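Sequence lines, in order, name chains G and E.
Quick note: my numbering has the first sequence finishing at residue 1237, numbered continuously throughout.
Quick note: my numbering has the second sequence finishing at residue 1730, numbered continuously throughout.
The hints are simulated quantities; they were obtained by calculation from the structure and are not laboratory data.
Mixed in with the good hints there might be a few duds.
Stated by the list, open to error - Cross-link-like lysine-lysine pairs, in silico, DSS-like; alpha carbons within 30 Å at most:
no.: 1; chain 1: G; residue 1: Lys1195; chain 2: E; residue 2: Lys1383
no.: 2; chain 1: E; residue 1: Lys1471; chain 2: E; residue 2: Lys1560
no.: 3; chain 1: G; residue 1: Lys1195; chain 2: E; residue 2: Lys1302
no.: 4; chain 1: G; residue 1: Lys1234; chain 2: E; residue 2: Lys1473
no.: 5; chain 1: G; residue 1: Lys1195; chain 2: E; residue 2: Lys1471
no.: 6; chain 1: G; residue 1: Lys1082; chain 2: G; residue 2: Lys1234
no.: 7; chain 1: G; residue 1: Lys1195; chain 2: G; residue 2: Lys1220
no.: 8; chain 1: G; residue 1: Lys1082; chain 2: G; residue 2: Lys1220
no.: 9; chain 1: E; residue 1: Lys1383; chain 2: E; residue 2: Lys1302
no.: 10; chain 1: G; residue 1: Lys1082; chain 2: G; residue 2: Lys1212
no.: 11; chain 1: G; residue 1: Lys1234; chain 2: G; residue 2: Lys1180
no.: 12; chain 1: G; residue 1: Lys1234; chain 2: E; residue 2: Lys1471
no.: 13; chain 1: G; residue 1: Lys1212; chain 2: G; residue 2: Lys1234
no.: 14; chain 1: G; residue 1: Lys1180; chain 2: E; residue 2: Lys1471
no.: 15; chain 1: E; residue 1: Lys1473; chain 2: G; residue 2: Lys1195
no.: 16; chain 1: G; residue 1: Lys1212; chain 2: G; residue 2: Lys1180
no.: 17; chain 1: G; residue 1: Lys1195; chain 2: G; residue 2: Lys1234
no.: 18; chain 1: E; residue 1: Lys1604; chain 2: E; residue 2: Lys1302
no.: 19; chain 1: G; residue 1: Lys1112; chain 2: G; residue 2: Lys1180
no.: 20; chain 1: G; residue 1: Lys1112; chain 2: E; residue 2: Lys1383
no.: 21; chain 1: E; residue 1: Lys1473; chain 2: G; residue 2: Lys1180
no.: 22; chain 1: G; residue 1: Lys1112; chain 2: G; residue 2: Lys1212
no.: 23; chain 1: E; residue 1: Lys1473; chain 2: E; residue 2: Lys1302
Claimed, not checked - Where chain G lies over chain E, by a calculated footprint (3+ residues, C-beta under 8 Å):
no.: 24; region: 1454 to 1468
no.: 25; region: 1713 to 1726
Claimed, not checked - Facing chain E, a subset of chain G residues (Cβ under 8 Å, in silico):
no.: 26; residue: Asp1085
no.: 27; residue: Phe1160
no.: 28; residue: Val1172
As the structure is a computational prediction, the values presented were derived from the model and not from experiment.
Note that beta-carbon positions come from the ideal geometry of N, C-alpha and C, so glycine has one too.
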Amino acid sequence: MRDQRSHLYGVVGEFASASLLLVAAAKARDAGYRHMDAYAPVPVEGLSEALGLRRNKVALITLIGGLLGGLGGFGFEYWVNVIAYPLNTGGRPLNSWPAFIPVTFELTVLGASLSAVFGMLALNKLPQPHHPLFNVERFKRATNDKFFLCIEAHDPKFHLAETAKFLQGVQAQHVVEVKDDD
Amino acid sequence: MSNGQPPLDNPQIRRLTPVLEPGYTYASVTDKIASIVLTRPMSLGWLAGFTLSFSVLMMLTVSIAWLIIKGVGIWGINIPVGWGFAIVNFVWWIGIGHAGTLISAILFLLNQKWRTSINRFAEAMTLFAVACAGIFPLIHTGRPWMAYYMFPYPSAMGIWPQFRSPLIWDVFAVSTYGTVSLLFWFVGLIPDLATLRDRAKSKTQQIIYGMLAMGWRGSARHWHRYQSAYLLLAGLATPLVLSVHTVVSFDFSIAIVPGWHTTIFPPYFVAGAIYSGFAMVLTIAIPLRKAYNLEDFITMRHLENMAMVMLATGLIVAYGYFFEYFMSQYSGNKFDLYLTQMRFHGPYAHFYYALILCNILTPQLLWFQKVRSNVPLLFLMSLIINLGMWLERFVIVVISLTRDFMPSAWGRYSATVWDYATFVGTLGLFTTMMFLFVRGLPAISIAEMRELVAHSEEHE
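Only chain E is shown next, with the shape it has when bound in the complex (with noise of 0.2 Å):
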């Protein structure tokens, strides 16, 4: 077993770093995972950053009372700019979610063993991201409570929803994503939830963790649908996550509004998305690695794998960008051709600066294998894309409404405290709800780790 630190300046050696360190049996791999969440003490760490994460999630809880009895004037959303930090947000937690998916089902369509021991955190985190992002769509119609008109029910003034309508096609995307990412989430828990049951110290804990596993007991005929069920999960789920994001951006590109009107933003949403996403999965497995010392199932074979497509869709990215300015002088729309203008030398012009900095400029580094394999720059560059990306949602809502086509009609917009707090107190949300997961949870799948032994073993 090695201490995290493979001999990495020899290429060849590099090339064989293993999914998993060698020397795990199925016992050793069962009891080191499960052993996170049955028979290991709180630590003073997981206590302190629990209750911090659990501090700011009251800041959102706060944030929305005041929300609620106020209305949405506490916010700093105006006419033109109605959109605000509310849809920033939204669509920047949609798109983090989206690395969960793709790890855990085109991943695995492809047959990536290196996808085993990050999918199940990706998974939480993708659920976390998509319950943070669906506040956000919730709380800006203003009257949270009369949100349920956005579904077709039949009610009893006789109306029913648009389907023409993006919103409404936003509505049934997201929620569908929702429901598919925790059904996919828990199929693939319920084998692991049967050995924390036989494994439970405590009556509680095998109560609760019998009743989840529902009474799975490895049948081989259980299997046997099982794997059909978790194939045509993954099969579902891989257009379903591309359709997501295509959805998302219908809301911008649908609108007639310059910089939103483009064909190209459904592919460079979804692209951005996936960026932003496995940024995230890195922000959580570095600490969460070095925390529980898994550091040989999540090994720098992972961490390197997820910088390169980090900066395969950064270059993605980057060419969405570079097509929205060439279609913008292309088309000779003066429109376009303004904001194009205005994204440069307008009044939000640094924020573009610093999106370019932060989404084109900075991964470039990950082209440097030495920039790879170094862990901390790694978790450095990962905080800066997550932070990009949430300027880049900001450049497109926000510079878009304050600049369109009426001179009359142009405006000024900044963000409140209340929305600084609502979007810091949905990172704490997001966070204690990853706490909660790590420990009450196995945060790595325990029988596909399995599977990657019995794998390992054939090849041996």
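Only chain G is shown next, with the shape it has when bound in the complex (with noise of 0.2 Å):
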């Protein structure tokens, strides 16, 4: 058996329901730890806060990329009909700008869209096809009905003995060690 930390990622515990994971989870970071991450086959209210997560920015990178896509669309709108390529349409000024809002408002929706999504998938650093906890065998079933806590192994209160032992303090079943591939 190897229990060298740098072969070991952590401590995960397995519970049964969602409202024994928010207990365990803030039990152990009253206990100190912090870094830790749950997983669970639902979304859970109130994990965020137990686990201490802050604010997420994906509002923020959203509301960049629909800006980004309005102002560039008017802007290449304007770019097109006024300067490269000036079309005179029954004695319109060249800035008809009501005509070119629809197409303003699609690209701000898609700027935002493909902003929200690119944006929460590198932010949560997927795709990562491969993961240490996928070496759990009972780890599975964080994808079905069960729900799991992982205290990391560079965590500087892990303790693999101690730590294991505080999962199972709180209710944690199935407390197995998850070892990083080398």
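Since each chain sits alone in its own frame, please combine them into the complex, following the hints.
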């Protein structure tokens, strides 16, 4: 058995319900653990707060994407129909801005949506085909009906035996160590 | 668990018909939905349906091949009716898509729990409908290999698109709509793909779902951002869906053709789109819940709610028809007046009366609770409304174009066999994709059904 910390990702415990996980996460934070993550088949209300997660940046990225899409869209239309290829249609002004609004709107939505999705994926560091937790056989149930709390080995307070004992103390079942592949 | 027919006579009980029958847990919900994809053997019914759909799809490919060889002359279009079936079908299909987005985005923002079990396949329906819709303007250009001219790119000819044209707005609206619908659908699928990866029975399944799931593992940090992104997407898709059919209606209302040049078009097109879309959701949901025993998930409550949405949007559409008539009388514009006369008494009057029958009269039956809870009748009505909405677009396109300002420019239009083959062919494309979808991906969102289980546990 290898117990060198460099090969160890952390210790994971399994919980039967979201409320047990919530309590455990809050207790782990109180006990001083900071580098940990919870895993759940559904979004659990209050879990972000229990883990002390800060507000995420997805909304900001979406706003920026939307603004870029909208301003870029209108600017491009202006450049095309006023500067690059001016077309006089029925004597209307070249910068007939109301007619540019539909495309501006669509590009705002497009820019914002692409930023929301790809921003979320990038912040989540997805795609990530492999993760040490996938080595744990029971972890398959994290996408089905079980809840998990993993305290990571690079946490300053981490100690294999004591952290495992701590997890058992907060009603975790099947507490096992998670090994990182070489 | 029920047999799908809860006691409906007692209004007290009916009001409480749940969106999920009781007795389900996280694991049983996961099992039931995932098994349709992973373990269930291919049924004879699926194979027969798929084979039929695929043969009809082949008719589409033949029709398009012949069109490319011979040109748009194989269709019934002429001068003055340059639009014909292609545009009728385009508007019909794109309208159908709207219900999917309405269910997934607007009902999400309104926190309607009953959206959960129908949003996934309704969104799939949107995607497939947009794909079918997109074919028509493309092949209607006559030289579809030149369609990229519509996109702004630095061409060697030094020309650029005309951004004041509704047809260019259409390109942007429809392509944005397709892209955002795909993103919304895919983001919703990620947790379910991870579930399928973790339950996969074979290496192939594991690899395919594993790649699509991108390593999702239900981390709280991931969920945190995921929920923000999903909410934002719903907020973005809501104005988008309203804009798309508005832009489609601009294709007509920006023109000065009698019967098209009216300000009621945008709202009435959007209402019509949602109307036909809900009809199509019912057309899909009723056989789907039957075939895969999903009556506990897609309950009578869903069917009734959808019937009520159809009734409401149907009334808005009826209001639109009435005001089209009223405004033409009130305007005193002789071309508009004449067009209205032509709708009632012209060569295509039978289409107009059929439209009134399908879209205004038939749905009034939905006022009755007995009708709303009668599944076969609902299915029949959904088909009638789909037909009615197709007729609406036919009336708008063909009657106006055959009777515009100058009698010397009047004409007639009749579709050819290739028009019908192309239209029916896209139905084949749609059902083929639907058949593949229900077998390849979870037709009901597993993650969201688990949330529903969690929600109902809290209330016990």
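Check your understanding: Can you list which hints this structure breaks, lowest number first?
Key -> Going through the list in order, the structure violates hints 18, 26 and respects the others.
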